[in-house]
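Enquirer: The two chains are supplied separately, each in an independent frame; assemble them into the complex guided by the hints.
Below, each chain spelled out in residue letters.
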Amino acid sequence: MRTEFANDAQRGWESPAALQGPEPSPASHTGHVLPDRPLLSITPPRGWVSLNLRELWAYRELLYFLTWRDIKVRYKQTALGVAWAILQPVVSMVLFTLFFGKLAHMPSDGIPYPIFAYAGLLPWTFVSTAVSGAGDSLVGSAALVTKVYFPRLVIPVAAVCAALADFAIASVVLFAMMLWYGVAPHWQMLMLAPLSVTAALLAAAVGMWMSALNVKYRDVRYALPFLIQVWMFATPIIYPASIVPERWRWTVAFNPLTGVIEGFRSALFGRSFPLGEMLTAALITLVGLVYASYAFRRMEREFADLV
Amino acid sequence: MKPIIRIQGLGKRYKIGERVRYGNLRESITNSLTGTMKALRTLGRNGNGRSADEDSHIWALKNVDLDVMPGEVLGVIGRNGAGKSTLLKILSRITEPTTGRVDLYGRVGSLLEVGTGFHPELTGRENVYLNAAILGMRRSEIQRKFDEIVAFADIEKFIDTPVKHYSSGMYVRLAFAVAAHLEPEILLVDEVLAVGDVAFQKKCLGKIDEVARGGRTVIFVSHSMASIESLCDHCLLLNGGVVQAIDEPIRIISAYLRSQSPTDSGVKGLVSHPGRRAGSIATMTAVELSCGGETTGVIRMGSKLSIAITFCASQAFRPVPGISFKTAHGTPVFNVSDRFARQLHCCRPVTRGTIVCEIETLALMPGTYVLDLWLGDPTHDFDIIFDAISFEVTPADLLGTGHLPPSSLGPVFCRANWLLS
Chain S
1 MRTEFANDAQ RGWESPAALQ GPEPSPASHT GHVLPDRPLL SITPPRGWVS LNLRELWAYR
61 ELLYFLTWRD IKVRYKQTAL GVAWAILQPV VSMVLFTLFF GKLAHMPSDG IPYPIFAYAG
121 LLPWTFVSTA VSGAGDSLVG SAALVTKVYF PRLVIPVAAV CAALADFAIA SVVLFAMMLW
181 YGVAPHWQML MLAPLSVTAA LLAAAVGMWM SALNVKYRDV RYALPFLIQV WMFATPIIYP
241 ASIVPERWRW TVAFNPLTGV IEGFRSALFG RSFPLGEMLT AALITLVGLV YASYAFRRME
301 REFADLV
Chain C
308 MKPIIRIQGL GKRYKIGERV RYGNLRESIT NSLTGTMKAL RTLGRNGNGR SADEDSHIWA
368 LKNVDLDVMP GEVLGVIGRN GAGKSTLLKI LSRITEPTTG RVDLYGRVGS LLEVGTGFHP
428 ELTGRENVYL NAAILGMRRS EIQRKFDEIV AFADIEKFID TPVKHYSSGM YVRLAFAVAA
488 HLEPEILLVD EVLAVGDVAF QKKCLGKIDE VARGGRTVIF VSHSMASIES LCDHCLLLNG
548 GVVQAIDEPI RIISAYLRSQ SPTDSGVKGL VSHPGRRAGS IATMTAVELS CGGETTGVIR
608 MGSKLSIAIT FCASQAFRPV PGISFKTAHG TPVFNVSDRF ARQLHCCRPV TRGTIVCEIE
668 TLALMPGTYV LDLWLGDPTH DFDIIFDAIS FEVTPADLLG TGHLPPSSLG PVFCRANWLL
728 S
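Top line first, the protein sequences correspond to chains S and C. The numbering used here puts the first residue of the first sequence at 1, with every later residue one more than the last. The numbering used here puts the first residue of the second sequence at 308, with every later residue one more than the last.
For reference, chain C alone in the conformation it holds in the complex (with noise of 0.2 Å):
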């Protein structure tokens, strides 16, 4: 089949600082004489004023080919920086490319920012109507689609109010409304999905899910692993402006996690932790996370987890361990204590030694979380250390559909039955 969409060899080049400063006239005469002067002078001296040159200059994308089929719909992962928006930009003519080629086979609406063109002043029909028309929509097209797009966004009641008045989530809804009903045949999406509340979120999937089946070519960017996972049928990976793997999206997705490791990589020396809040007769020297035997950072959900915590006293003591989870932003998911659990309570003293801890079923959503670590004896805690080791919980396909529910909506995986009486 042929593709939709050909990239061949695309680069974007930047001059450092040119998103940033824009220019006034005196800077640039005098950049343009002092310019000059330094050609001439490297023109007597014979050097090479090439290497600053490049220096000055930073590729936000580079040699990028890509063939994207036509009803695929891909994903773009990668860290901030990597080329991501630059590619989308470059894709939907907002920026030019610096080299290579693009072949569109096809209409291209972009979606890069709910709400583009909304004027606070207007009323939410006024809006519509506006935005719509700035989309690449036709007249005809809108006035057909009108009452379907203020059906889907609810707001049937506040048409007519200027859309100051809205609250930030009937904003968003009205605006992404208008792009839902966008029909190209190809849909460029950047990040636009974080927005509203959660229930909106869900829909607006939905609806791009929706436009995924009905044969149109979608290019999406996200950083949310779940809705790439669920939507994408395939995934693309730039680091550094760099195509660096396409694939399936959930080895895609394992892979950046484990590339990107903002998290530890499964060990950690405790010694001179930054975390630590007490310290009195034992102290943990190193935390170890492993799964099937192997030390790591990066657990599947569902998997088996050990924790091995080794420690040293000064004197012998009967060790109480432990444990609490927390989301990457701090959010505490569970704990688990042996001051509660008494497993190791009639151990006998001890001055040093490693405790492992043992969970059968890791039962958290794919993302970032920490660990607080405490030891102490069945009285007192002797060291507490917080945020000791960051690990990261990758997606499977715990529920055999392919789908898990995003994220967002909680850290906790949980099993259930469904039954219709």
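Extracted from the complex, chain S is given alone in its bound form (with noise of 0.2 Å):
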């Protein structure tokens, strides 16, 4: 829906204090005086669709309330509760330790292997809940795409940022084991910030695009979990990117993940940042976000008839 908004933002006007006053009769005035131009024209759609940011600037409040209610609800009448944050990747980590570190004798660059695999699989357990999360959430939140009008790229965004929450919590296991293994704090930490912002935005572009895909396409609920799974063994999680042929290692670059997992064992463990891979990772993930949001604006006018 194409919409121009002529006051400054749509939600920036409060309501006059005129509408509390005393006139008693509707036919008489209101007292409340209209702007001269429309605060909002509704038109049909035409051409390309543009992004719409101070809106979503607008609605960031339920953004926060839309997250706050994924995170409050996601462990509700669970037994063990948040622990499931923490378990998910912590079971994933002792299977593949004794599966491919031990049986398998997995290389891992020299990096204890459980070690290793946390490293790997902390982003990688972030990236896929936040993906299939935000796939099921425009389908799911059917109700509330029907019935109030609000950019829908909210619902998406606040999967993903639930998401984030599991990966705080998660990221705490990390440390304790850093702790366990003596890891020395050093500067190259503080990589791990802008790694986990790339992380959050490819599981942005990818959770959005699929979210919209999914309204049309109840294929991909189907398709989704299958594609997340071929994803992981196309990242360097069990095993280290360098067992990949020197030929082929391309492609694994291809892959933004690829950049990021590595880049962040290397800030964990303090080796030479893999600057090729993180960079491809970054653009990659520019370039999805930017093309998943125009994708997305532009489904959006069909969900409420659709979903």
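Hints are not guaranteed to be accurate.
Derived Cβ-Cβ restraints for the label pairs, each shown as a range [claimed, not checked]:
# : chain 1 : residue 1 : chain 2 : residue 2 : range
1 : S       : Ala-142   : C       : Arg-386   : 21 to 27 Å
2 : C       : Asp-554   : S       : Val-287   : 56 to 62 Å
3 : S       : Val-73    : C       : Glu-517   : 33 to 39 Å
4 : C       : His-530   : S       : Val-290   : 43 to 49 Å
5 : S       : Leu-283   : C       : Asn-370   : 58 to 64 Å
6 : C       : Arg-408   : S       : Lys-76    : 44 to 50 Å
A short list of chain S residues far from chain C (calculated; beta carbon distances all over 10 Å) [to be verified]:
#  : residue
7  : Pro-44
8  : Asn-52
9  : Arg-54
10 : Trp-68
11 : Gln-77
12 : Val-148
13 : Phe-175
14 : Leu-179
15 : Gly-182
16 : Ile-284
Calculated from the structure, these hints are not laboratory results. The beta carbon of each residue, even a glycine, is placed where N, CA and C say it ideally should be.
Expert: Below, the structure written as structure tokens:
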């Protein structure tokens, strides 16, 4: 939908005091002075859509409330509660260590395998939870989408934000493990912040695109878990990128998560950063994000009629 | 005065089935393939593939022009599928128009459903915050109104209980309370009052009335003619997506009820009526309703109603008629029968004739009613027809105040004198 905001931000418009006025009769005047230009014009969509980031900003409180709801509701009526956020990557780590580390003798770039695996699993668990949560988010919010207007982008983005909470909790385990293995903190760890942001933006890009497609094609619901699994094996989580033959290395780098996860490990263990992979990851994430948000905005028009 | 909402040439077209089905990838791929094939074929034959395309679309709303003045309360009525909800959905930006333009000169709040976004696992308090944010309230605004909202819903004790443990009444009360405290300049309301118990419905109507008196503009979609009549300054009648009329509520409502005619036109042949339960000796052949000498299926409440029943019989008998009034749902309202009134008791036996029953003042609330007819002699029933004919009672300002009790409170109208000592 193409909307024009004549006034500053749509919601910057506080209800005028005149509304509480004592006027008893509706037929008489309201005392509310109408603006000269319409506050909002609704017209059929034509041409290209705008991202309308200003409107998104105006709805930041809704984003906050939806994220807060997702976090609150996620572990309601579970016996273990928030422990699940830790349990999932930890159990995976134990299994991977057992099967790949101990039995298959997977190389791990000289890092103890458990912490090697966990350093990969932590961002991976975040991305996969965020993407699968966001993918289902729009269809799951059908009741909202058909009854209230707000920028629909808020819904998948809230799902990604909610996954961030799990990510933060699971990080605690990582730092505990680092203490255990005697890895000293150092300046390279500062890189963790931008790398996490890249992971979040990447998850948002894929998540919003999938969620929009899911509204129109419910195939996504079945395809997505499978795609996520493929993505996991294509990403150096159980194995280091270094075991990929040199001439195939570029295909691995094409996966933006490679840069993120290899960067994560380098930051944690004080190795030199794989700059090429990290830059590729940042670039692909950026392009993906722009593409996904435009695609989302374009498909957004039909959501209420399709969902 | 300048309108606060200006609607020009508004239209919305749906692909048939679009609302019901969602595509899957395979279908969409095959469709686009066959579409291309068809286009190629028609290109070769130079035929027109347009009509098929037009057939598969439906205009839910077409060429709507409308100005709503600030402070106006506009009712929107029309049968299902007339485009009422589509209009509200476009105004609240949930869906987009296909043609036309809407200019809004005020902040819009829409209330298309009570409790949008309520989550069963969250407590009442948490849901108030969430729901209010969804409806467009700011956090500071919610904090300021929180106590008022809880008091309106009357659930102070349970505010920290998850709403999944609420009774449906409590749930609806809380949800409406949040919505009722929205303060946009333009409020769009869709049929949300059809929930909750009668007392709460009244409270909701009162709140909407208060909002309207406060000078805000309200567009109100409802199937409840009584609420439309009591709340609205003007009423819009939609039919098949087109604006049919806009006028004072009372006129629009009676025009609508007349046009809608799920009721009979006031006269009905009974010879082969499906509702016949018995039939011997005598047969009722027709029934006719009239008001002021005119045959009609729409009767203004409080006016005089005549019911004429024509009958014939295989042998002469002393006719004893009876008529039962029922609501559209089949609840009996009252019965008039000469078996008890005994006014025709002394007449001579006949083999054919017409019995006229006159009801001086039809004390029924607006709504649809159905008649059961009986005909017999002083000892037996010869002919019984259930649901013989239906008719509509339209509102009238019998109390002289412009208000009537809602029909949901009971089908009988009764005047009372109120004294205070």
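Enquirer: Hint compliance check: list the failing hint numbers for this structure, sorted ascending.
Expert: Hint check: 5, 7, 10, 11, 12 fail, others pass.
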